[in-house]
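2 protein chains.
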Amino acid sequence: MTEKLPKIAVIGLGLIGSSIIHAAKLFGAAEKITGFDSSMEVVKEAKDLGLPVTLVDDIGVAVSDADIVFLAVPVGVMAEVVKQIASNLKPGAILTDTGSTKRSVISDITPLISDNISFVPGHPLAGTEFSGPSSGFSTLFKDHYWLLIGREKTKKPTSVIAKFCERLGAIVEVMDADYHDKILAITSHLPHLIAFTIVGTASDLENDLKNDVIRFSASGFRDFTRIASSDPTMWRDVFLNNDEAVLEMLQRFTEDLGYLQRAINQGEGAILLNLFKRTREIRRSIIDVGFAKK
Amino acid sequence: MTEKLPKIAVIGLGLIGSSIIHAAKLFGAAEKITGFDSSMEVVKEAKDLGLPVTLVDDIGVAVSDADIVFLAVPVGVMAEVVKQIASNLKPGAILTDTGSTKRSVISDITPLISDNISFVPGHPLAGTEFSGPSSGFSTLFKDHYWLLIGREKTKKPTSVIAKFCERLGAIVEVMDADYHDKILAITSHLPHLIAFTIVGTASDLENDLKNDVIRFSASGFRDFTRIASSDPTMWRDVFLNNDEAVLEMLQRFTEDLGYLQRAINQGEGAILLNLFKRTREIRRSIIDVGFAKK
Chain D
31 MTEKLPKIAV IGLGLIGSSI IHAAKLFGAA EKITGFDSSM EVVKEAKDLG
81 LPVTLVDDIG VAVSDADIVF LAVPVGVMAE VVKQIASNLK PGAILTDTGS
131 TKRSVISDIT PLISDNISFV PGHPLAGTEF SGPSSGFSTL FKDHYWLLIG
181 REKTKKPTSV IAKFCERLGA IVEVMDADYH DKILAITSHL PHLIAFTIVG
231 TASDLENDLK NDVIRFSASG FRDFTRIASS DPTMWRDVFL NNDEAVLEML
281 QRFTEDLGYL QRAINQGEGA ILLNLFKRTR EIRRSIIDVG FAKK
Chain Y
31 MTEKLPKIAV IGLGLIGSSI IHAAKLFGAA EKITGFDSSM EVVKEAKDLG
81 LPVTLVDDIG VAVSDADIVF LAVPVGVMAE VVKQIASNLK PGAILTDTGS
131 TKRSVISDIT PLISDNISFV PGHPLAGTEF SGPSSGFSTL FKDHYWLLIG
181 REKTKKPTSV IAKFCERLGA IVEVMDADYH DKILAITSHL PHLIAFTIVG
231 TASDLENDLK NDVIRFSASG FRDFTRIASS DPTMWRDVFL NNDEAVLEML
281 QRFTEDLGYL QRAINQGEGA ILLNLFKRTR EIRRSIIDVG FAKK
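Those protein sequences? They're chains D and Y, same order as listed.
Convert by adding 30 to the 1-based position in the first sequence; the result is the number in my numbering.
Convert by adding 30 to the 1-based position in the second sequence; the result is the number in my numbering.
Among these hints, one or two may not hold up.
Note that identical chains are pooled: a pair holds if it fits in a single copy or bridges any two copies.
[To be verified] List of simulated lysine-lysine pairs, BS3-like, C-alpha gap at most 25 Å:
#, residue 1, residue 2
1, K240, K307
2, K186, K172
3, K74, K307
4, K55, K172
5, K34, K183
6, K55, K113
7, K55, K74
Just so you know, the hints here were simulated from the structure itself, not pulled from any lab data.
Go ahead and model the full structure; you've got the sequences and the hints to work with.
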């Protein structure tokens, strides 16, 4: 007996949405894939690329036949999108999302869907600094974590989504939303905020100096500019929707930075050396768990 | 007539020193290469690797025959090293260094050398997060800038060093020390300080959370841990010796970060979006000048 594959709908054809489509096609994970994007420009780009998906003009029609609906849109518009599709979802359908914040998405979406729809919040820890359909590729999720938020009443739908994500090459981990938002605040959101800030600081320098900063951007700054070129709308929404955890981590970071500022000002080399030795160890831990090159 | 190649001595056999040796050998840039390191462990590593250099136990002997002496040691020990070699330098020899700060190195070294020695301060904008002789390689400098500090009385020696660096594949730029230290504060020193700080902040988290931060280190944090695993001693010395420029840039950065903190706290999305669009442009400028992938 061959396993029955799900029909899926992908809302949002950016980096993540288009990669889900590519991967589902490559790994034969779906019986049928329909896609929708609210931007005409994005739809045209997807068509021109020959993205392997049935593009549908009407968002309600796009989801009406789907067993699984992926919301791959900025977290700030999740509620708006769900309002447009809630009444078109097939009874028994599973709704999942790929947003970088989870508490906000859960509180935005949960009140909008009926009891015969299961919502499994998700977040693939995969991405690049590029955006749009042309940036997607089929192996984006390979060997990357895909976090799912587990709840008692969605045990079975969670395992369906988990299986689907694993087919795309991902490693699934189930955790709760608070913990997710805290982890992401320190591993992703705060690093992005800092990178945006320092690149902004550099761009405010007087013109000659700024041009030479660009010209002589040594490895440190260049890495930051890559991070700071990530999708502006997505990141605005992340900071507004994970504000609590981000502000808490930012507070700790600012205190630690103040401590180093004082050490430099006072010429206290031992404080600097001790920290730098400690941070080197963290890198070794990351290499030990085998994810440093990904 | 074939050009006469210089005899060179390399003091310090870490990432930079060993790369100079590899590159000089590969590109046939030197008639003879002698090397010295104060650490027995490093010397042993260099021997075991078969680093293509004549290793000498006595630092005075190592430099006595050299036309060019490279000081590839942390900026905090430049003065001490020069005290040990000053009386052994050949009249007419050129002394150059590879330190990341230039004002401090100039004020440390200048009073220690006699008039028949030329000092050409230098700084190759090349490196990795690894250290020690085994991390060096012959193409480290290829297509990377090598900054030299130009002064009226060292015009000819500066052109000799420039030619040598170009043979190793580098692009030479001559500038003044103040400007160098300011550029590096923003492109390299502050990014490193921030990366050290955030990785330190993460390492102070309670144990479970810390382990999961390591496990789920998304791209942002992972890039920071790489930067924060750079050589501790070298970086302590950088911050203590370029304190003025680093603290000035840190002040600007901290103000900018406070502004974003407030924007997040107040839910002012437009401020965030405007900045993120602006930082994306900076990345484009860097890609335009063709150095983004290096």
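Hint check results:
no.	hint	verdict
1	K240 to K307	between (32 Å within a copy, 17 Å between copies)
2	K186 to K172	within (24 Å within a copy, 56 Å between copies)
3	K74 to K307	between (51 Å within a copy, 23 Å between copies)
4	K55 to K172	within (14 Å within a copy, 42 Å between copies)
5	K34 to K183	within (23 Å within a copy, 81 Å between copies)
6	K55 to K113	neither (28 Å within a copy, 68 Å between copies)
7	K55 to K74	within (20 Å within a copy, 55 Å between copies)
Comparing the model with each numbered hint stated earlier shows that hint 6 is the single one that does not hold.
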